[in-house]
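Model the placement of chain U on the given structure of chain S, informed by the hints.
2 protein chains.
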Amino acid sequence: MPTLLDSLLPAIEEEIRRVLALNNGEQYSLLHHMMAYHLGWEGEGAGPKASGKRVRPILVLLTCAAAGGDWHTALPAAAAVELLHNFSLIHDDIEDNSPLRRGRPTVWKLWGIPQAINAGDSMFTLAQVAILQLPLSAERALQAARIFQQACLRLTQGQFLDISYEEQRDLPQEAYWPMVGGKTAALLAACTELGALCAGAPPEIQSAYREFGEKLGLAFQVLDDELGIWGDEAQTGKSAASDLLEGKKSLPVLYGLQQEGAFARRWMAGVLTPEEVPALAAQLETEGARDYAQKTAARLTDEALAALERAQPQGESGEALRSLARHLLRRQA
Amino acid sequence: MPTLLDSLLPAIEEEIRRVLALNNGEQYSLLHHMMAYHLGWEGEGAGPKASGKRVRPILVLLTCAAAGGDWHTALPAAAAVELLHNFSLIHDDIEDNSPLRRGRPTVWKLWGIPQAINAGDSMFTLAQVAILQLPLSAERALQAARIFQQACLRLTQGQFLDISYEEQRDLPQEAYWPMVGGKTAALLAACTELGALCAGAPPEIQSAYREFGEKLGLAFQVLDDELGIWGDEAQTGKSAASDLLEGKKSLPVLYGLQQEGAFARRWMAGVLTPEEVPALAAQLETEGARDYAQKTAARLTDEALAALERAQPQGESGEALRSLARHLLRRQA
Chain S
1 MPTLLDSLLP
11 AIEEEIRRVL
21 ALNNGEQYSL
31 LHHMMAYHLG
41 WEGEGAGPKA
51 SGKRVRPILV
61 LLTCAAAGGD
71 WHTALPAAAA
81 VELLHNFSLI
91 HDDIEDNSPL
101 RRGRPTVWKL
111 WGIPQAINAG
121 DSMFTLAQVA
131 ILQLPLSAER
141 ALQAARIFQQ
151 ACLRLTQGQF
161 LDISYEEQRD
171 LPQEAYWPMV
181 GGKTAALLAA
191 CTELGALCAG
201 APPEIQSAYR
211 EFGEKLGLAF
221 QVLDDELGIW
231 GDEAQTGKSA
241 ASDLLEGKKS
251 LPVLYGLQQE
261 GAFARRWMAG
271 VLTPEEVPAL
281 AAQLETEGAR
291 DYAQKTAARL
301 TDEALAALER
311 AQPQGESGEA
321 LRSLARHLLR
331 RQA
Chain U
1 MPTLLDSLLP
11 AIEEEIRRVL
21 ALNNGEQYSL
31 LHHMMAYHLG
41 WEGEGAGPKA
51 SGKRVRPILV
61 LLTCAAAGGD
71 WHTALPAAAA
81 VELLHNFSLI
91 HDDIEDNSPL
101 RRGRPTVWKL
111 WGIPQAINAG
121 DSMFTLAQVA
131 ILQLPLSAER
141 ALQAARIFQQ
151 ACLRLTQGQF
161 LDISYEEQRD
171 LPQEAYWPMV
181 GGKTAALLAA
191 CTELGALCAG
201 APPEIQSAYR
211 EFGEKLGLAF
221 QVLDDELGIW
231 GDEAQTGKSA
241 ASDLLEGKKS
251 LPVLYGLQQE
261 GAFARRWMAG
271 VLTPEEVPAL
281 AAQLETEGAR
291 DYAQKTAARL
301 TDEALAALER
311 AQPQGESGEA
321 LRSLARHLLR
331 RQA
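If you read the protein sequences in the order shown, they are chains S and U.
Once you know that position 333 of the first sequence is 333 in the working numbering, the rest is easy, because the numbers rise by one and skip nothing.
Once you know that position 286 of the second sequence is 286 in the working numbering, the rest is easy, because the numbers rise by one and skip nothing.
Only chain S is shown next, with the shape it has when bound in the complex (with noise of 0.2 Å):
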């Protein structure tokens, strides 16, 4: 039987390659190509690996649709959240140094970086011009203009986090929340603010369904960051405590060094090597490090599907929308 996420996904490809459209002209086309190799449509290794999962537009469209509307209307809301998302993977990587992404070479090793800088800057537009096309009452599309600038913003302010916080070795924890917030919960809550104001939904249950997409955010980057540490290297794909050598500034990380014991000691003292790295964490895991990291994830999850049964999700697709919260969250049902 035909899932909903069946008719879902090949409407958002088609949305996003019409919004890629907009950059007509025959002398764009490297434009349009660097664009379309980075979203997995075009070059080497194209396809539905290259493409990501498109969490994103499935949010907007599913909540639309889970608050009565119709998932039609929320399309080109969809398409933006998806293009600012890659936008900020493109710059991303170049600021990361980064030469693969999806298991592709980036943007920026393929055609250099002041191209892969226009490529990012072209489709950051194309998703502002995106949000403006939705089939609203004026004063409504202007609200859901709005609503996706603010995601903009704490989209930048966490990615500007993110590169300062990587001069610092030493971090109190609270420096976590903005960054995580900034770089992954903001977008989730705008996605989902943005398909409940799609569907005409009460003011109250636009603020349920944005605070579901927020704490849906914090939770996935808690739960993300203790499987960074102590995951099964088959289960995340990338090896084990990888963020530890990486030196990232995960949620564990943080409250070790708060104790300021022999974790603290050996993180402050430099880079890691590779032999070190289980030795470390499982030391910081006898510090409280993965006690701490777990429950903050739980009392999260609780908080974001609380927040999803408060705006009362409707029929089939509110029956997926739940499914994808407990499959992000890593809760089954």
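A hint or two may mislead.
As the list claims (entries may be wrong) - Listed below are the simulated DSS-like cross-link pairs for lysine-lysine, each with C-alpha atoms no more than 30 Å apart in a straight line: (1) Lys109(S) / Lys295(U); (2) Lys49(U) / Lys109(U); (3) Lys109(S) / Lys49(S); (4) Lys109(S) / Lys53(U); (5) Lys53(S) / Lys295(S); (6) Lys109(U) / Lys295(U); (7) Lys53(U) / Lys295(U); (8) Lys53(U) / Lys248(U); (9) Lys109(U) / Lys248(S).
No wet-lab data here; the hints were simulated from the structure.
Coordinates of chain U only, in the frame set by chain S:
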């Protein structure tokens, strides 16, 4: 006697400061500082010379007043166009590897490429936030945002072409117009159209103002190209013929290539030495490129001024707009 500009300039600075302050929070103070530095407000060498001339926001406000509106209405649009312009300069400086801008080290030179990309992205976002703050009806506010997005799209396309052309020594003459249209004219057209929209001018007046801005941008760029090869160093502030040395794809050069004469043969043979430049500039003039550029600039200038008269600019601000146009286009009254 204080002129209109004496009130506009401080109001523009204050409005841009208000928008920049939306990036608030102690943890973002470096992000704020990078943007304030680039705008000429902070850091070594801060002051009017480091700020640039604010031509774009002045155009927005003067057009609004000349079209019968209260220029205060258009302040968020004035801030938006200036922030958009400066975002593009921050990224342009990275892409061109430029160490200096307005006599001071560029943002990427001081804080590195990753944070300079972020400072540009944040400034772009703040421009988007500002354009949504116009005190207009929702319908008109949406129209303003759409006009702005079209300018953003052409701007990023123009920037893409500019970088693409760097690797091509040969280019047909028609390659010139979408590049300067995107890099210069698109934003000036948006400035005058937004000013007229904020004044509530009827569509034919809006469209005349838009054409004025577009042609003003093109004429200005062609004049700049002519001066970049044959200009007086005292007048242009850069050494004569420096555009030839840098290999800039200016209109006279593309005209000269099309003649397939002595200029084209030397140009295609590779980078010039400073010693060769004066003779090659003279050769290019002999082949008719200077005359062609001057005639093109004169035609575009006439078209710009004719469009401005069709728009029927009113009162003191109308006079100020005519006078600004003549000043930029080097036509004395």
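To see whether the hints hold, each was checked on the structure:
1. Lys109(S) / Lys295(U): violated (44 Å)
2. Lys49(U) / Lys109(U): Since the Cα atoms of Lys49(U) and Lys109(U) sit roughly 19 Å apart, the hinted pair holds (cutoff 30 Å).
3. Lys109(S) / Lys49(S): holds (19 Å)
4. Lys109(S) / Lys53(U): violated (37 Å)
5. Lys53(S) / Lys295(S): Judged against 30 Å, a Cα distance of about 27 Å means the pair holds.
6. Lys109(U) / Lys295(U): Violated, at roughly 40 Å.
7. Lys53(U) / Lys295(U): holds (27 Å)
8. Lys53(U) / Lys248(U): The hint holds at about 24 Å.
9. Lys109(U) / Lys248(S): Roughly 26 Å separates the two Cα atoms, so the pair holds.
Violated hints, listed in ascending order, are 1, 4, 6; each of the other numbered hints is respected by the structure.
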